[in-house]
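J.: Residues per chain are reported as follows:
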Amino acid sequence: MSVATDLLHAHNEAEETDIKMSGRGVNVFYGEKQALFDVDLDITENRVISLIGPSGCGKSTFLRCLNRMNDTIDICRVTGDILLEGQDIYDKSIDVVELRARVGMVFQKPNPFPKSIYENVAYGPRIHGMTRTKDELDELVTKSLRRAGLWEEVKDRLDQPGTGLSGGQQQRLCIARAIATKPEVLLMDEPCSALDPIATAIIEELIDELREKFTIVIVTHSMQQAARVSQKTAFFHLGKLIEEGSTEQIFTNPTDKRTQDYITGRIG
Amino acid sequence: MTNSVDTKVRKTSIHTTDEARLRLKKRYQSETGFKWIGRAAIGVSVGFLLLLLTSVVGQGLPAFTFNFVNLPFEITAEKLGTDGSDPVALKKADYDSVVRDAIRGQFPFVKSRKDKKLLGGLLSSGSSVYLRQQVLNKPSVIGTDAKLEVPISDFGDLYLKGQISSSSFVENTSRLAIADNDGDVLLTAEGDVFLDALASAKVALGVQVERVRRDLTGAGLSIEKTNNDIISLNEKIPAATDEEIKGRLENNLLKAEKNLKVLNARVKQFAAKIADFDSRIADTRMGEELTDVMPSQLVYVGDAVFKLISVTPNSATAETIKPFGEDVLTTSNDWTIRTLDIVESSRKFSDKEIVWTDALVEREYVRNGFNTIFFSRGASREPEMAGVLGAVIGSALTLIITLALSFPLGVAAAIYLEEFAPKNRWTTIIEVNINNLAAVPSIVFGLLGLAVFLNFFELDRSAPYVGGMVLALMTLPTIIIASRAALRAVPPSIREAALGIGASRLQTVVHHVLPLAMPGILTGTIIGMAQALGETAPLLMIGMVAFVVDIPTAFSDPATVLPVQIFMWADFPEPAFQQRTSAAIMVLLGFLIAMNAFAVVLRKRFERRW
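Here the protein sequences line up with chains A and B, keeping their order.
Each residue of the first sequence is one higher than the last, beginning at 1 in the working numbering.
Each residue of the second sequence is one higher than the last, beginning at 1 in the working numbering.
Be careful, since some hints might not be right.
[Claimed, not checked] Okay, the calculated beta carbon distance ranges per label pair: (1) B:P492 / A:S93: 23 to 31 Å; (2) B:P492 / A:Q87: 22 to 30 Å; (3) A:K155 / B:G33: 52 to 60 Å; (4) B:Q507 / A:E184: 19 to 27 Å.
[As the list claims (entries may be wrong)] Below, a list of computed lysine-lysine pairs in the DSBU-like style, where the Cα atoms sit at most 30 Å apart: (5) B:K25 / B:K35; (6) A:K109 / B:K604; (7) A:K182 / A:K213; (8) B:K79 / B:K138; (9) A:K109 / B:K423; (10) B:K604 / A:K155; (11) B:K92 / B:K25; (12) A:K155 / A:K92; (13) A:K33 / B:K25; (14) B:K423 / A:K92; (15) A:K143 / A:K155; (16) B:K246 / B:K225; (17) B:K604 / A:K115.
[To be verified] From chain A, some residues computed to sit far from chain B (all C-beta separations above 10 Å): (18) Y30; (19) R132; (20) E243.
What the hints contain is simulated information worked out from the structure, not anything from laboratory work.
No residue lacks a Cβ here, since even glycine has one placed at the ideal position from N, Cα and C.
Could you build all of it, start to finish, from the sequences and the hints given here?
T.: What follows is the structure, given as structure tokens:
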């Protein structure tokens, strides 16, 4: 672990902030096929990091390793270390339910539960026993919806089904649901890919605000989005982490030829 | 071609050539053809369904009503031997004689032993039981002239519903003289009023003579064969060397010659008979005896009824079925001949019974009402006393057990296999086996139940709980397969959403996946239960085919189920049972529709969109 910590510091001269999560030598296999090769990546606390790269490059796979969502895929196998505050999340002593409560996730396609808006947000706190009284729960739901920028639009119809909202509203509901459990890290897997530009803009603003409370990892296909919302960017190509650094550096002065080709639109 | 658009030079596209147009036309043609084939298929199936329903409903509907007879029964303390204060004595009282005396009181002219027995049979043999039940339920009727009812016999009921025989009436105004003639009566009319009756007798003779002709042809063939035998025997006997064989052949020859003589005599007899019949048929005015293979002719004069036993064109000898009451007529100008189209020998309801039943109707003792017996009693050997309630309760008890066992087990198995079990060789083997089990003939499950539940565990025979267990085994694969399909149809995004906020796998399944899969699971369950409801074969194996009179009240009482009851009734020869079979099928269908309606309501409650 001390080796890991040293490495972390070596990597991060530029920003003197804490490392929330880090991957060391992460390999992922789907059956015989290897999807990720030896990925080392640090995720800084209270920062937004974008994972970019062409389709099938392994960025989503890496994201899903961070809260062990890959466990649900039978043939998936992960080697290497992924640390959350220095603790290996694939260790036997780690409870996956607790991990996912700490590392929340928002998916590509809005997937609210077919229940009321209120129930959608209240579900996480309820199963984790986060509140004791109904009032506390109400307050938490309100706060989460407010933080997700949805409160004003839904405050009068909390008992209506979440599936009846528009696409952008649904995605914000999913974000509210994710932050209601008070995670430390929030993973977002192309959260705006199914949304129109206006809804996208709202969510991007939201991400910027959420940064104060959470560490955010976002996978995106849109380079503009990465440039707008993230402080750090990592570029994946064919299952390998090619380059990572501050967003400014990656977009203005990439060191690797492939990064440059990708951001200028020559590959991908 | 003056159109400005057409003057432009068109680009030729691969999709606008004549060949392409032709291809397009063919595509539309095949589509139209397919539509019509589909419509025809639906039409045929709807037609068959309607045919089935009309035949079942048409036959079963009459069984929903029944004719009850409310005679002035003598329910008095003297007659019963108790005033009703002692229930045991009341139960033991002789209701048979109450019923017997009441019906005999209506027809005092019935004297012979045979006729008295016939008269008693007009009411159901369950009448005394039925009457006793009414008195036991309400002892206060003793000593009053309260109207009590008993069921009519099954054939009486069929007759009143017009299902025994059609009849035609001919009203006559010519003068008819009625003279007593040594027990019978002699009817003499002015004019040939009995010519129709005579003609129908001649027609029946024609049928008889045809039969004799067939016998004659048969006898002729036998003679030919015997002659051939004799010829071949005569050839063989001299050739035989062995004494023993020769003896046997000679014996055979003797037998054949004897046989030939008998046959020849018979032929002569047949020929004489044919000649006799032919001459009788030819002479349309020659008098005839009326037998029970000829349509019965009844003459109604005043309040009396006579049955013709021999007729000439203008006179007839008749048997008194119902004598005159107070007003004895010797001549009449207003009388009716009734012809019953079905001959007496081929119906189970005699002319006498018909006349007596008519008399009861005339005196307003017969009430046609809803068949309460059919819906409130268990099995019986008497069709009029048989009901479906026992079978309905038996089916309900059995299905409760089936549902209670197969639903939780099936859903739990499906959830485990679909959501928790690793996908490896073992689970594949289990899956294949479950799929195969769904196709196993149900009688095999019955044998399994017999061998394991009855013989090994020594559970009760004929008990609904054992039937329920056997049917649960049969239903389980159906429910598992349907439930797995329903679980698989739940989008994975819902699972990811729940897992993503830290729900455990069980929470994910119970809170989110299962509610969404519930409509599909319920559909599968209902299909399985409907299958179980209609199942007969496995229940036969575990003894649920028993003849159970009492209505079951517990899961361990001997019981039968609706389809088995239908199967048993369909086997009985009585036409009234045939009606009840169809009526029971209607009850079964009603049961099924009720179950499906319940399932639809449940589904609607569970149905949500995602």
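J.: Any hints this thing doesn't respect? Which numbers, in order?
T.: 11, 12 and 13
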